[in-house]
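Asker: Given the structure of chain E, go ahead and fit chains X, U, R, S and C onto it with the hints provided.
Chains as they are written, first to last, in my numbering: chain E, 4 to 73; chain X, 4 to 73; chain U, 4 to 73; chain R, 4 to 73; chain S, 4 to 73; chain C, 4 to 73.
Treat the hints loosely; a few may be bogus.
Said to hold, decoys possible - Some but not every residue of chain X turned toward chain E, in silico, with C-beta under 8 Å:
1) Phe20
2) Gln25
3) Trp43
4) Asp45
5) Asp47
6) Thr59
7) Leu60
8) Val61
9) Trp62
10) Ala65
By construction, these hints were calculated from the structure, which means they are not laboratory data.
Cβ atoms here follow ideal geometry from the backbone N, Cα and C, with glycine treated the same way.
6 protein chains.
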Amino acid sequence: MSEFNPGLPSARLLQEFIKNKQEIELKLLTDDLLLGKLLWQDDDCVCLVGQYEQQTLVWRQAIAYLKPKA
Amino acid sequence: MSEFNPGLPSARLLQEFIKNKQEIELKLLTDDLLLGKLLWQDDDCVCLVGQYEQQTLVWRQAIAYLKPKA
Amino acid sequence: MSEFNPGLPSARLLQEFIKNKQEIELKLLTDDLLLGKLLWQDDDCVCLVGQYEQQTLVWRQAIAYLKPKA
Amino acid sequence: MSEFNPGLPSARLLQEFIKNKQEIELKLLTDDLLLGKLLWQDDDCVCLVGQYEQQTLVWRQAIAYLKPKA
Amino acid sequence: MSEFNPGLPSARLLQEFIKNKQEIELKLLTDDLLLGKLLWQDDDCVCLVGQYEQQTLVWRQAIAYLKPKA
Amino acid sequence: MSEFNPGLPSARLLQEFIKNKQEIELKLLTDDLLLGKLLWQDDDCVCLVGQYEQQTLVWRQAIAYLKPKA
Chain E
4 MSEFNPGLPS ARLLQEFIKN KQEIELKLLT DDLLLGKLLW QDDDCVCLVG QYEQQTLVWR
64 QAIAYLKPKA
Chain X
4 MSEFNPGLPS ARLLQEFIKN KQEIELKLLT DDLLLGKLLW QDDDCVCLVG QYEQQTLVWR
64 QAIAYLKPKA
Chain U
4 MSEFNPGLPS ARLLQEFIKN KQEIELKLLT DDLLLGKLLW QDDDCVCLVG QYEQQTLVWR
64 QAIAYLKPKA
Chain R
4 MSEFNPGLPS ARLLQEFIKN KQEIELKLLT DDLLLGKLLW QDDDCVCLVG QYEQQTLVWR
64 QAIAYLKPKA
Chain S
4 MSEFNPGLPS ARLLQEFIKN KQEIELKLLT DDLLLGKLLW QDDDCVCLVG QYEQQTLVWR
64 QAIAYLKPKA
Chain C
4 MSEFNPGLPS ARLLQEFIKN KQEIELKLLT DDLLLGKLLW QDDDCVCLVG QYEQQTLVWR
64 QAIAYLKPKA
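Bound conformation, chain E alone (with noise of 0.2 Å):
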């Protein structure tokens, strides 16, 4: 992967939904799907707010696709 660069429409796209707060899925290469918020992204990880307000820290390299929630 590339280095991390905020000026990318992906990472754009993920500032949108952190201004939003917008609820998204994240489907994770061990199969695994979060549910959540994004409160912040930086080069190595995202950061999801799930429910009761509990923050998990996603790797990127962990990372298969990312969507609002249907």
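Answerer: Showing chains X, U, R, S and C alone in chain E's frame:
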């Protein structure tokens, strides 16, 4: 993976699929098979539009193969 | 994955977990779920202390997500 | 993975398979086994032509092994 | 993964296991659990000596975690 | 993975296996176990000769471990 280079045959083929709104199948390393049309690509991701115009951000690191829908 | 940068929010959050001896859950790409406290982190690994003070060296490349124990 | 280098023995062997329209088996990290002929290779992908002339773009990152069809 | 740096705490801990002929458990991303003693490490691999003095070359890319045998 | 360096102990051990036509077992991240002799190695791949002299090109990225056949 080497850095994304839009001049590569593979990137240009994706660009053609985007332009032609080609229906594709995207097989992920999770074994998920996603169907839809490509909307755009950047260094880290491709954006897939599926049924009901829902957008899915797919990380390149998670892609196994991609082909036009049979 | 970009090179380890201790100034990133994700690295600082881990550092906070280390300082606070926070009980965490660490989900790996193998689907293993490890429980314990973080002892230290470096570029390649995090060191987890589990039951009976046993230390486990976990490679960053294998981490899917990490969260405070519920 | 180091950057793609067309002068490497492995890249040259693929080039030979392309030239000879060699039937090959391509085993992916997803455990998929693809059959067909190689059409071209670039830094990120190989392009496989299977039955009915359908083209499949296979990411190098997803390849486990490749061999001439038995 | 960043380049191998023998000065890192994780590399030094492996070096200590090598020196002390520490029995270890090595969990791989394949879910294999290997048992033995570390003989040496280099940038790409660690060398594990198991039963009957058989040597196994384990790629770092495949390591999930490592711990002293319980 | 760092770039291939033929001077590393692991690369030299493979070179020795090549020279000695050592029967080896190659475990892949797909969980495939390949048997045969190493014919050559380059930056991206190792070439394995199995039964009936068939050559298999194995990507380094897919290797979990390698050992002399028991």
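Asker: Less than 8 Å between beta-carbons is the criterion; does Trp62/X satisfy it with respect to chain E?
Answerer: holds (5 Å)
Asker: Holds or violated: the hint that Gln25/X contacts chain E, with Cβ atoms closer than 8 Å.
Answerer: This hint is violated: Gln25/X lies away from chain E, its Cβ roughly 19 Å from the closest one there, beyond 8 Å.
Asker: Using the nearest Cβ pair, does Asp45/X come within less than 8 Å of chain E?
Answerer: holds (5 Å)
Asker: Tell me if Leu60/X is really an interface residue toward chain E, meaning its C-beta lies closer than 8 Å to one of theirs.
Answerer: Cβ of Leu60/X sits 5 Å from chain E, so the hint holds.
Asker: Quick one, is the Ala65/X hint okay against chain E at 8 Å, beta carbons?
Answerer: holds (4 Å)
Asker: Should the hint that Thr59/X touches chain E count as held when the rule is a Cβ pair under 8 Å?
Answerer: holds (4 Å)
Asker: Hey, does the Trp43/X contact hint survive, CB to chain E under 8 Å?
Answerer: Check passed: Cβ of Trp43/X comes within 6 Å of chain E, closer than 8 Å.
Asker: Holds or violated: the hint that Phe20/X contacts chain E, with Cβ atoms closer than 8 Å.
Answerer: Cβ of Phe20/X sits 17 Å from chain E, so the hint is violated.
Asker: Does Val61/X hold up as a contact with chain E if the rule is Cβ-Cβ below 8 Å?
Answerer: Holds, about 5 Å.
Asker: Against chain E, with CB atoms and a cut of 8 Å, does the hint on Asp47/X hold up?
Answerer: holds (5 Å)
In this structure, the earlier hints numbered 1 and 2 are contradicted, and the remaining ones agree with it.
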